Amino acid sequence: MNKEISALMDSELFEDDAENLLDRIGRGTNAHKDWEVYHLIGDVLRQPDHIHCDLSAKVRERMRDEPTVLAPRSHAVKRKVRTVALSAAASLAAVGVVAWMSQQIGSETLPQMAMQKNALRPASIQIQPKSNDYLMAHQEFSPSTDMNGGASYIRMVTYSSEGK
Amino acid sequence: MADREVDQQLVERVQRGDKHAFDLLVLKYQRKLGRLISRFVRDPAEAEDVTQDAFIKAYRALPGFRGESAFYTWLYRIGINTAKNHLLANKRRPPTSTPFDSEESESFEEASLLREVNTPENELMSKQVVDVVQTSLQQLPEDLRSALTLREIEGLSYEEIATVMNCPIGTVRSRIFRAREAVAENLRPLLETSKGNRW
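So the sequence lines, in the order shown, correspond to chains H and Y. By numbering that gives the first Met the number 0, the letter at position 160 of the first sequence is numbered 159, and the numbering carries on one by one without gaps. By numbering that gives the first Met the number 0, the letter at position 90 of the second sequence is numbered 89, and the numbering carries on one by one without gaps.
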C-alpha cells in the first residue's frame with residue numbers, strides 16, 4: 000500500500016485506485032502515518048529552512064469539538080447523478096427503439112415469409128425425378144431448411160397418385 | 000489523478016461528514032500554510048495558533064466550497080485573511096510592502112521573509128528532521144536519489160523522469176517509492192520519540 004500512497008502523492012494513480020486507497024488510508028493508522036511522513040520528507044526537501052512543528056495533533060484535538068460538516072451535494076456529485084440518469088434514460092430509449100423496430104420488422108416480414116412458405120409448398124412444386132439427386136446433394140446448403148447439416152441424412156421421397 | 004483532484008476527493012469526503020479526510024488535508028498543507036502565515040505573524044507561537052485557526056475556519060467553511068478554485072488556493076486565502084484579522088485585532092498593521100496573493104504564495108522565495116522564528120526546542124527538532132532527511136538522501140543509491148530529487152525538488156512527472164533517466168515509468172514509480180521509504184525508515188524513530196513535542 001505504501002507504494003500506492005507514494006504514487007497518489009505524485010498524482011500518478013488512476014481515479015478508482017485513488018478512491019480505494021483513500022478509503023484504506025482512512026481505515027488504517029499505519030497508512031495515515033506513511034502519508035504524514037512522506038509529506039514531511041517532501042516539505043523538508045523543498046523548503047529545509049522552514050520546517051516547523053507538527054500542528055496536526057492540535058488541529059485534530061480542536062476538531063473534536065467541531066460539529067461534523069455535512070454539505071449539500073456538490074456540483075460534482077450532482078453532475079455524476081445527472082450523468083447516470085441520462086445514461087439510464089438513453090439505454091431505456093435505445094431498448095425501446097430496438098423493441099419497436101423489431102416489432103415493425105416482425106410484422107412486415109411475417110406475411111412475406113408466409114407467402115414464401117406457401118409458394119414453396121412441396122405439393123405445388125413439380126419435382127422432376129432427375130432433380131432428386133441434385134436436391135439431395137445440395138439440400139444441406141439450402142437456407143430455407145431448419146436442419147442445415149442434417150439434411151444429407153434425410154431421404155426425399157415423392158408420391159404421385161396420378162401415376163397409379 | 001491530478002493533485003487538485005486528490006484534494007477535491009478529500010474535500011468531498013469531508014463534506015460527507017468524514018473528519019478523517021480533513022486530517023489528511025491538514026497533514027498535507029500544515030507546513031505550507033504555516034509558512035505563509037509566518038510571513039504575516041512573526042511570533043512563532045502566535046503563528047501556530049493562527050494556522051490552527053485557519054484550518055478550523057476552513058473546516059467550518061467547507062460546506063460552501065464548490066471546487067471552483069483549487070483547494071489550496073482557497074485554503075491560503077483563508078490563511079491570509081485569518082492572519083490579517085489577527086494582526087488587526089491586535090492593532091498591528093499587516094505587512095503590505097510585499098504584496099502577493101495566495102496563487103503566488105507557493106513560489107514565494109524571499110528567504111529573509113520566509114524565515115521563521117522558532118522556539119529553541121522546535122528549532123532543534125526541525126534541525127534534526129532536516130539532518131536525517133538530507134543525510135538519508137545522500138546515502139541513497141544514485142538512481143533512487145535522482146528519482147526522488149527530480150520528483151520532489153524539480154517537480155517532474157513520472158513520465159518526464161522516465162525520459163530523463165531513460166527507464167520505464169514503472170521503474171520510476173518503484174525508485175521514488177523505495178527512496179521515500181528508505182528516508183522514512185530513518186525518520187520514523189525520531190518522530191516517534193518526539194511525539195510529546197508534537198512531531
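Just so you know, not all the hints are guaranteed correct.
[What the hints assert, rightly or not] Below are the DMTMM-like pairs computed for lysine to aspartate or glutamate, each with C-alpha atoms no more than 25 Å apart in a straight line:
no., chain 1, residue 1, chain 2, residue 2
1, H, K57, Y, D52
2, H, K32, Y, D42
3, Y, K56, H, D16
4, H, K2, Y, E191
5, Y, K18, H, D16
6, H, K57, Y, D6
7, H, K2, Y, D48
8, Y, K126, Y, E184
9, H, K32, Y, E67
10, H, K2, Y, D2
11, Y, K31, H, E35
12, Y, K126, H, E14
13, H, K2, Y, E158
14, Y, K126, H, D22
15, H, K2, Y, E159
16, H, K2, Y, D142
17, Y, K83, H, D22
18, H, K32, Y, D17
19, H, K32, Y, E159
20, Y, K18, H, D64
21, H, K32, Y, E120
22, H, K32, Y, D52
23, Y, K18, H, D48
24, H, K57, Y, E67
25, Y, K31, Y, E45
Worth flagging that the hints you see were computed from the coordinates, not collected in a lab. Predicted model only: the values in this text are computed from it and were never measured.
To see whether the hints hold, each was checked on the structure:
At most 25 Å may separate the alpha-carbon atoms for a hinted pair to count; K57/H and D52/Y meet this at roughly 10 Å. Between K32/H and D42/Y the CA atoms are separated by roughly 29 Å; this puts the pair beyond 25 Å, and the hint is violated. Distance hint between K56/Y and D16/H is unfulfilled; the C-alpha atoms sit about 31 Å from each other, more than 25 Å. Restraint check for K2/H and E191/Y: the C-alpha separation of about 22 Å stays at or below 25 Å, so the hint holds.
Using a Cα cut-off of 25 Å, the hinted pair K18/Y and D16/H holds, with the two alpha carbons roughly 21 Å apart. Distance check on the hinted pair: K57/H and D6/Y sit about 21 Å apart at the alpha-carbon level, within 25 Å; holds. The hinted pair formed by K2/H and D48/Y fails the criterion: a straight-line CA distance of about 34 Å is larger than 25 Å. For a cut-off of 25 Å, the pair hint linking K126/Y to E184/Y stands: about 18 Å separates their Cα positions.
The suggested pairing of K32/H with E67/Y is violated, with an alpha-carbon distance near 30 Å, which exceeds 25 Å. The hinted pair formed by K2/H and D2/Y meets the criterion: a straight-line CA distance of about 17 Å does not exceed 25 Å. Taken as a hint, the K31/Y and E35/H pair is honoured in the structure, with Cα atoms around 14 Å apart against an allowance of 25 Å. Restraint check for K126/Y and E14/H: not satisfied, since their Cα atoms lie roughly 37 Å apart, outside the 25 Å limit.
For the hint pairing K2/H with E158/Y, the CA-to-CA distance comes to about 17 Å; that is within 25 Å, so the pair holds. Restraint check for K126/Y and D22/H: the C-alpha separation of about 34 Å exceeds 25 Å, so the hint is violated. Proximity of K2/H to E159/Y is assessed by CA-CA distance (about 19 Å); at most 25 Å being required, the pair is judged to hold. Straight-line distance between C-alpha atoms of K2/H and D142/Y comes to about 17 Å, which keeps the hinted pair within the 25 Å bound.
Distance restraint check for K83/Y and D22/H: the Cα-Cα separation of roughly 36 Å exceeds the 25 Å cut-off, and the hinted pair is therefore not satisfied. Simply put, K32/H and D17/Y have alpha-carbon atoms about 18 Å apart, close enough for the 25 Å limit, and the pair holds. Taken as a hint, the K32/H and E159/Y pair is broken in the structure, with Cα atoms around 29 Å apart against an allowance of 25 Å. Among the hinted pairs, K18/Y with D64/H is consistent with the structure: their alpha-carbon atoms are about 12 Å apart, no more than 25 Å.
Our distance criterion of 25 Å between C-alpha atoms is met by K32/H and E120/Y, whose separation comes to about 23 Å. Of the supplied pair hints, the one linking K32/H and D52/Y holds, its CA atoms being roughly 23 Å apart against a limit of 25 Å. At roughly 31 Å between alpha-carbon atoms, K18/Y and D48/H are farther apart than 25 Å, so this suggested pair is violated. Distance restraint check for K57/H and E67/Y: the Cα-Cα separation of roughly 29 Å exceeds the 25 Å cut-off, and the hinted pair is therefore not satisfied.
Distance restraint check for K31/Y and E45/Y: the Cα-Cα separation of roughly 16 Å lies within the 25 Å cut-off, and the hinted pair is therefore satisfied.
Comparing the model with each earlier hint shows violations of hints 2, 3, 7, 9, 12, 14, 17, 19, 23 and 24; every other hint is respected.
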